[in-house]
Structure formats: structure tokens, C-alpha cells
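A.B. asks: Residue numbers (the working numbering), protein chains in the order written: chain A, 1 to 229; chain B, 1 to 199.
Keep in mind that the hints were calculated from the coordinates and are not lab data.
Misleading hints may appear alongside valid ones.
Stated by the list, open to error - These stretches of chain B come out as covered by chain A in the derived footprint (C-beta under 8 Å, 3 or more residues):
1. 73-79
2. 128-136
3. 149-162
4. 173-182
To be verified - Derived list of chain A stretches under chain B, where covered just means 3 residues or more per stretch with a C-beta under 8 Å from a C-beta of chain B:
5. 15-22
6. 46-58
To be verified - Restraint ranges, calculated between C-beta atoms of paired labels, are given here:
7. B:Glu-54 / A:Ala-151: 52 to 60 Å
8. B:Gly-162 / A:Met-23: 25 to 33 Å
9. A:Ala-82 / B:Lys-90: 53 to 61 Å
For glycine and all other residues, C-beta sits at the position ideal for the given N, C-alpha and C.
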Amino acid sequence: MSRADDDLATAASPAERYAAGRMGDEEEREFEVSMLERPDVASEVDAIHRMRAGFRELQTRGELEQLLHRSRTRVRPFALAAGIAALAVGAAVLLYSSDFHRLPTALATSVTDFGRPLSPPSHVVSFLVARTRGGREPTAITVSNPSEIIALQILPSVPSKTPTYRITLARMKNDTATPVARDIEARTGADGFVRVYVEPANLPDGVYRLSVLQPASAEHFAIRISRPR
Amino acid sequence: MSDSSTSNPDLAHRVLGGDKRAEAELVTRFQKGVRQILMRITGNLSLAEELCQETFIITLRRLRSVPLEDPSKLPAFIAQTARNLAIAEKRKERRRRTDTDGEGIELIADATATHDRWADVSAAASAVRTILQELPSERDRSVLIRHYLHDEDRALICRDLGINEAAFNVVLFRARKRFLEKLARRGIRRADLFSLILV
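Next up, chain B with everything else stripped away, as it sits in the complex (with noise of 0.2 Å):
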């Protein structure tokens, strides 16, 4: 937690005080792993950070106007508004592209978005080239492909390749570490675009 001084329920009651800093405090304590559940259910960078956003503004309003019931449970309430946001987007966008040809939605897109998108992308490609070219086995390159790119079984990667599990956790998590390292390098730091929302 970025303050561990303040407990979960002691911030919502905060923000129910209209403590502007609280809310400050939740959107930074949270929005790392609420921009995750909306990345894994929407599988898009930049619809995942406008969601984000969304769904703190929900969650700041309902915290500023009503208390939860059971106030120590403000992560499961803010994992549940991401969830529904996300799912909500997900039948949304799949309405639009049976309402609408490929010009309406081009049109609709947000071009800053796209380039942040576009150069992250990039740099996670790069920093992904690196780890395949410093691996020296091609067995090892192959648990990285068919985990991550075909999300294939690891059962039955681990029978193909005849590796045990430990090994195959192993090579997932040195080409995590290595990944992070690269990314690091190249100062991939996401800045911090939620603090806009409580100005």
C-alpha cells in the first residue's frame, strides 16, 4: 500500500468526509491493480485506462455521498465496480460492432491513446526480442511462445518438452524479471494520469 498508516475503512470514512487528500490516497493505493482486473477482462490498454478512470469517479461518488456497509471491504467494492464497468464496455463493444461499419468506430477512436498504446506495445516487443535473442535454449524460447502468446496447457507444455513444472515456473519467472529489468531500462514508468481526475 502506498500509506500504510491509513487502514481501508479509516480512507473511506475519510473520503466520506469530503478529505479531498483521501481520495488522493485511494486512487493511488488501488489504481495499479484495478488498470489490471480492467486489462484482463477488456484486453486493451487504452479502453483499460479509461475505465480506470471511470471507475474511480464511481467509486469516489459513491463513497462521498453513501457509506459502505462493511467499509473494510473497499478493494472487493472497487474490484467489483471495475469488473462491472469492464463487462458492461465488453457487451457495449460488442453491440457496436454489429451497429456500426469500421469508418464509425476509426472515427470515434482517440488518437493520443493510440499513440501511448502504440508505443507501449513497441516497447514491450523490444524488451520481449531481447529475452527470446539472450536465451540460449530454443526449449526455453518455445515455454515462453506457447505460454504467453498461444496460452497453451503448461501440463502439456511440460510433457512436449519433457521439463518438470519447477523448471518451467523457473523460465517463466527469469524472463518476468528480465522483462521488468528491460522495460525499467528504457523508463517505461506509466505516469500517473488519475490524479487529474480529483482536480
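The shape of chain A in the complex, shown without the other chains (with noise of 0.2 Å):
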């Protein structure tokens, strides 16, 4: 790319956040004036809203989920020599300095991943996590026993195509998520049903988000864990 390229390519588009609907009203007039006047920048807005049928299109069609997975083809020997070097290095940074080996076991598909004992069932205390139609509230979970598991009940609002799903968990302050457990593979239950469990030892009080991530999408639940006073 030229160095006028690169610079427009870096930019946000202001074209994507009209089609996104993601403008307040007079900055949405005020660009759809900007609009007729600039052609180039209807062509733009044009191109989104295509893109957009596009996918809309391959998705009813089943098509993205593989699209999305595809592994390269035609891999030249010495590039794929090259490839599994990297990955080994990657790998290797990650297991001994990344912030992700660092982090706790707090998220399981089983009580018994946590390796410690427990008195079933009364230190596993159960959620049910769901979309409602009221709001975005998150879903309050006390945790009245220092000791106690929590066991997550997820209903996502799409089923997945693929058997898993990667759960995740961050913790929101100031906007901002920092990951604080190892994402995990889970699959629904015969019920329609996630079920996953929290180690909150480690997990201080506050607003956490849990990400149900689907290979083509991702669905995201806010919990507040807070502690008796």
C-alpha cells in the first residue's frame, strides 16, 4: 500500500459507523449530507451495506463457519518448516511468560478440575445465565461461603452449529477486560444448557464478563460476584 493508503487504511472509517447505525442523530445528518455531496463516500457506504447482504447471505447458507475455519492449502514445504518454528517459539513464549499461564484455573467444565476437595452439594451453589428482555443487568451471584463453587447455567441465545463452545472470563473495570481464568471448550448439555463452574477464591468482588464464543460469533453475559459485608 502506498503511504496515503496506509494512512486511510489505519483511520476509522466514519462510512462503517454510519452503516453500523453506530452514529448519534446530528453527526448521522450531518454525514448523510457529506454524503450527496461526495460520491466516493456513498460508494463507500454502498460497499458496507453490500458486504454486509453478502454475509447476511453466506450465512443463511451455512457457508461461514467453514469459511471462517478453513486451514490453508497448497503450504509450501519451506514456509511450513518456517510456520512450525514460529508456532514452537509462540508456544513457548506463551507457556513461560505470557499472562495466560499465569492465569488461574477459576473457570472448569467439572468440579474436579479444580483438584481440591469438596463436600458436594452444598458448597455448589447454581446460576442460571440467560438473555432477558430486560436489560443488561448482570446476573448477581453472592458468594456467602469462602469455599463454595459456582456452577454457571448458560442458555445462549443461538445454538451453536459445532458441539463446543470457548468460554471465557474477564473481569470489566473502567471498560476494560482483563482475562482472569484460562478459556475452556464446553458443550450443551441434552437441555439446551453451557454448564460451567467458577472457582471465585481468586475472583474479588465486581463485574465480570463471560464470552460464549461460537467460531462465527460471540455472545457475552455480564455477572457481578459480590460478598456478603
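The two chains are supplied separately, each in an independent frame; assemble them into the complex guided by the hints.
C.D. replies: Dropping the structure here:
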């Protein structure tokens, strides 16, 4: 890309924000007038509208997940060797120096994964996590016993076409999400719920984001962990 | 602008004087933007095309009979006309949905418009498929899907995928560029449907 292209490419496009409906009323009206005066801006918005239609169509046809996860074909041997070497270095870096390695096992698909004795059932407390019409209030979880484990029964809005979901947990502070647990893979049960367990011992009071990730989508739930004073 | 030699106030003045070429020029100049406003509000390509014609019919009728208070605001006047039409149509659509059954709606659907729309969507899907196939990074493919399909907040996508906003914008920029190249190669250039209204 040329330098001018570089500048254009790294700047946020107002056309993207307009097409996504992320402008305020006044800004939207100003943008529309400028779009009428500048056909190049209108062309950009047109491309975005068509791309969105294209993505929706591929999703309807059920092609998206395969396109997202396809592996590259015709990889040259040299590139393959270089890739493996890079992966090995990356993995080593990840294992020995990353934050990910230091993250606690605060999320699990089974209580036994926490590796500590438990006296069931009194130490497992269940909560339902689901999207509701009511609004965006976090699901309130009160941890009354320091050694208890929380079972979350998650009801994803969109059923997964693949058998598993990736579940992540991050603490929200000042609109920033900081991962607090290693990601896990979880499956949907026969009842449609995805069950995961949370070890709250290392999680201070606050709001957390529980993300349920599918290959082509993500759903986020807010939970608030608190302890009685 | 298609003809930068004529200013917007001049154009409005010429339309008021009955200049048919000025009317044609006005449509050519603004139709691209009007279509996007309508598309953005209705989310329906064929309806947007229909309302685009209506926008210009209303605009020209008004300009032929009564001068604009501030002719320099011609684009704002046209944009507002388009918005009003689209919003009114959405309200009507909501009412139709509750008043009529599916069969009734099917009967009033325009078969030609449906076919055009299908061809457009099919071409767009094909171009998007090629872009996704060409992108080597799953992360970049995920950026596009989460942004264009799921309308997720860009800050959230950046956080989840561990990229900064500049990298995010580059992915979108390249995809848009490639998308337009693909459509151009397929010869998708919408015919000017609106010159018909001036005859």
C-alpha cells in the first residue's frame, strides 16, 4: 500500500460507523449531507451495505463457519517448516512468560478440574445465565461461603452448529476487560444449557464478562460477584 | 459531484425555471447518496430503490413549484426527504405486518425487484466468500464476521482478538477494497434506474 493508503487504512472509517448505525442523530444527518455531496463516500457506504448483505447470505447458506475455520491449502514445505518453528517459539513464549500461563484455573467444565476436595452438594451453588428482555443488569452472584464453587447454567441465544463453545471470563473495570481465567471448551447439554463452574476464591468482588464464543459469533453476559459484608 | 461546474443553488434555480437537463443533473448528482440513506434506514435493497425514485419525484415537484428558502441547503433538503420517506415506509411496514397475512404480502411483491435483489445479494455473497477464502488469518476472518455480520463493538472485537484499532481498521479497509474489486470484475454496476422518472 502507498503511504496515502496506509493513512486511510489505519483511520477509522466514518462510513463503517454510519452503516452500523453507530452515529448520534446530529452526526448521522451531517454525514448524510456529506454523502450526498461526495459520491466517493456514498460508494464506500454502498460497499459496506453490500458486504453486510453478502455475510448474511453466507450465514443463511450455512457457509460461514467453514470459511472461518478453513485451513490454508497448498502450503509450501519451506513455509511449513518456518511456520512450525515460529509456532514452537510462540508456544514457548506463551507457556513460560505470558499472562495466560499465570491465569488461575477459575473456570472449568467439572468441579474436579479445580483439583481440591469438595463436599457436595452444599458447596456448589447454581445460577442461571441467560439473555432477558429486561435489560443489561448483570446476573448477581453472592458468594456466601469462601470455599464454594459456582455452577453457571448458560443459555446461549443462538444454538451452536459446532458441538463446543469456548468460554472466557474477564473482569470489567473502566470499560476494560482483563482475562481472569484460562479459557475452556464446553459443550451444550441435552437440555440446551452450557454448564461451567467458577472458582470464586481468586475473584474479587466486581463485574465480570462471561463470553460464550462460537466459531462465527460471540455472546457476552455480565455477572456481578459480591460477598456479604 | 458529477458536474462540479453547477453549484447546488444554481441547480435548484434552474429546476425552478423548468430546465429538464438540470433535473437530470440533480438526480445523477445525488442518487448514489440518497440510495444509501434509504438502504441504511430500511435495510432493504429493493425498497430503497423504490423509495429513491419517490424521493426525487417529491424533490423535483417541490423545486419546480416553490424555491428553497436556502438553496445552498439542497443536499440537506433531499436527505431529509429521503429520511422522511424511509421512516414513513417503515411505519407502514410495521402496520402491514400486523394487519395482513404472509400471502397478502407475497402478492404485492414485485417479481422483477426480487430477482434484481437476489442477483445483487448473490454477487455480494460470492465476493465475500472469495475475500474470506483469500484471507490467510483466521483472526482477520473473525474480525470481518464479527463486525459485518454480528455488529459487535469494535473495541470489544479488538480486545477479544488482541489487536489494536489501527490493525482492525486495516483489515476492514483491505476487505472493502478487495470487495469492490471483486464486484467490479463481475461487472456489477447498477444501471441508472432513475433517469426514467424524468421522461
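A.B. asks: Hint by hint, say whether it matches the structure.
C.D. replies: Cross-check of the supplied hints:
no., hint, in the structure
1, 73-79, "holds (count 4)"
2, 128-136, "holds (count 5)"
3, 149-162, "holds (count 9)"
4, 173-182, "holds (count 6)"
5, 15-22, "holds (count 5)"
6, 46-58, "holds (count 13)"
7, B:Glu-54 / A:Ala-151: 52 to 60 Å, "holds, 57 Å"
8, B:Gly-162 / A:Met-23: 25 to 33 Å, "holds, 27 Å"
9, A:Ala-82 / B:Lys-90: 53 to 61 Å, "holds, 54 Å"
When each numbered hint is compared with the structure, no violation occurs for any of them.
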